[in-house]
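Participant: For reference, the chains in residue letters:
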Amino acid sequence: MAITTAQSPFRIDPLTGMRIDLKAQALVKINAVLAVVFLLVGGAAGLLVALTRWPAVHLLPADLFYMALTAHGVVALMVWIIFFEMAVIYFCASTVLSCRLATPGWAWVQVVLMTVGAAITAVAILQGNSSVMMTSYVPMDAAPHFYLGLILFAVGALIGCFVFLGTLVIAKEEQTYKGSLPLTVYGCLIAVIIAIFTIASGAIILIPTFLWSLGLIESIDPMMYRVIWWAFGHSSQQINVTAHITIWYTVASLAFGAKPMSEKVSRTAFLLYILFLQLGSVHHLLSDPGMSSAYKIFNTSYMMYMAVLASMIHGLTVPGAIEVAQRRNGYNNGLFEWLRKCPWGNPVFACTILSIIIFGFIGGITGVTMSVEQVNMIIHNTIYVPGHFHGTVAGGTTLAFMGLTYYLIPVLFQRELILPWLAKIQPWLFGIGIAVFGVALMGAGTLGVPRRHHDMTFAGQALSFEWPGMAYMMMAVGEIGGVVSVVGGAAFCVIVVGSILVGKKVPADAKCIVAPHADRNADKHIGMGGFEAPGTFVLALTLFVCLVLYYFINFKYLATVWTLA
Amino acid sequence: MATAYTPPEEGWATEPIERTEIIWIVLALSWCLFMFGWMIAWHWIGNQNMNNEAYRTTPEAYAKKVEDFTAKYTVRQDASDPSLPVVAPPPGSDVYLAASRWQWRPVLEFQKGKSYRVHISSLDWQHGFALLPENINFQAYPGYEQVITMTPNKTGTFGIACNEFCGIGHHIMLGRIYVKE
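Same order as they appear, the protein sequences are chains A and B. Each residue of the first sequence is one higher than the last, beginning at 392 in my numbering. Each residue of the second sequence is one higher than the last, beginning at -1 in my numbering.
Looking at chain A on its own, in the form it has when it is part of the complex (with noise of 0.2 Å):
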């Protein structure tokens, strides 16, 4: 076998009781830091273009709001999240494995590829002559770098990816753990698997597109390039909910001593994923010429909708699991006692409930009814788009993310956070600001205000269109929104790299912080009327009824426009 006996060195957290190998923790903390450090740059960009969509403020000219907004897509989307995925699944993989890391060298090759690839796009679009928007499509065309730096990038993540696999052969032939895999790694093996999809689908398209750009290849048709490219772009969005819904279950657990209410049903969830959703990409296409309906209706129907039932069922399994905890630890009194005595002003499990409350309420019902086939004729491209997909990638996955962090810092870096009072708060800053920031551009969406658009105002234009007042509102609130999730973002940089470099060591003595399992007091008698969890369920019919109440809406305003057959 191709893989190294040499042994790593470990270590004993105190923290968590954990044996991590040390070379894992390398590279768990470089490519963390990285993230953050993009998360920075990405965030940058993002108050540049929230300043500039704020149509009192309008502070960029087109230019170079057009290259803020692209640095935005790819810096904070792509960048930021998967450099951050490399962190948790190496961590998955060795720490909760117990195992050492698969060859520790490639895995250096993955920072330093998704390192360069990029800095070469940054510089591609800093440039300015690659503003094409993250999804680039052609005939409309980069510089050759821009391309190429996405394609070192994405080679780099495949390696992590292989990484990953290796090590769970090491885990399972060193027997460091017994029976099946623990959920939390489970899961990273499902992020991992649609990763390898996802880079595949982003070969297979990006690769024909650089040499196309080189002059190598004549043309590229533009509806082969919109399936191929959202078989990359929205997967790769998968693997964001596969991870932050794993973080979910594993901040349930280290937090609460929580079990998953039933292994087989979120494993099986987690399995909808892989045989759904990437068939499931079509919705991006769903008013583009050249597909018939039943292409369409298949496969956003029939194949997302399985994927859907999946997302509602972690969202019910993972609160449930802390509900069942909770009641078994002895707050076991009416409907929510459980839910009024979590440590909210803990920012992990802040962090951990906002994001399930913001991709379920704001990204996950709006998700839904916007990939109707009807209904997105009245969404399509609208800045409605945008509000939906910040409530789930900025407020699901960025804001899990976040949780994660801040409860790694101290057991990977070995510092205590600095400036506590800040990070009480700065959750709520980052999701109060992305909920209003969703919701409110969803409104603007809804009267039409199109996506990707510097002036609204379609100023010097002898074909002047006047929006309602309500347009500017909504726009005017919802990149105030923006801008306050900007400030919480920033908070959460300075108190990362702030605790990094000047925390305060955490003793080699100090008090473990794992929940103990609540399942020690299994027999205790818990919930009401038959439910263990029946706060959660009250929660996740609340959820349903404004799904449903959301969804016949849309068909009543679909309702009132021109006749289109």
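Accuracy of the hints is not assured; some may be wrong.
Subject to a maximum C-alpha distance of 30 Å in a straight line, what follows is the list of computed DSBU-like cross-link-like pairs (lysine-lysine) [claimed, not checked]: (1) K947/A / K63/B; (2) K815/A / K947/A; (3) K947/A / K178/B; (4) K569/A / K732/A; (5) K62/B / K947/A; (6) K902/A / K569/A; (7) K70/B / K110/B; (8) K420/A / K947/A; (9) K732/A / K655/A; (10) K62/B / K178/B; (11) K947/A / K70/B; (12) K152/B / K178/B.
Calculated from the structure, these hints are not laboratory results.
Fit chain B to the supplied structure of chain A, relying on the hints for placement.
Facilitator: For chain B alone, coordinates are given in the frame of chain A:
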């Protein structure tokens, strides 16, 4: 004593599922199946659907069609921008609308309650047809011609913005449709 970060206890695959989860799964699955059926049903019960009629074309061929169409049905020059012809095609006819950097041409004039077969295509990059304030949106590719039968149900002056980023002039791209009684 299992958690998410430790291996599950033996027998996890046969452990019974708790009532909260069972009821939720049944409810969520039923809703997903309903939505699947409803999306199909709306093709019959709804008045807003894509028929997904589309053809291969080329920018040159499509530009020619738009030119011929404009020459045939121009009724006047637009009051806001006298350089633009206003084209009033007869109800039921084929209407050719072209997106290019950075304009929607020609300006159209429809009658309320009458149907038009509106062809949409791009002459260069990708664009987005965004009818305002109705908020009806379609993607426009070069080389593909999409046909949507539109029946305006209200009168007024409607804008056509571009909602797919198409370069530095994207935000000034604006067309117009007049709908008369």
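Participant: Against the structure shown, which of the earlier numbered hints fail to hold, in ascending order?
Facilitator: Violated: hints 1, 2, 4, 5, 8 and 11.
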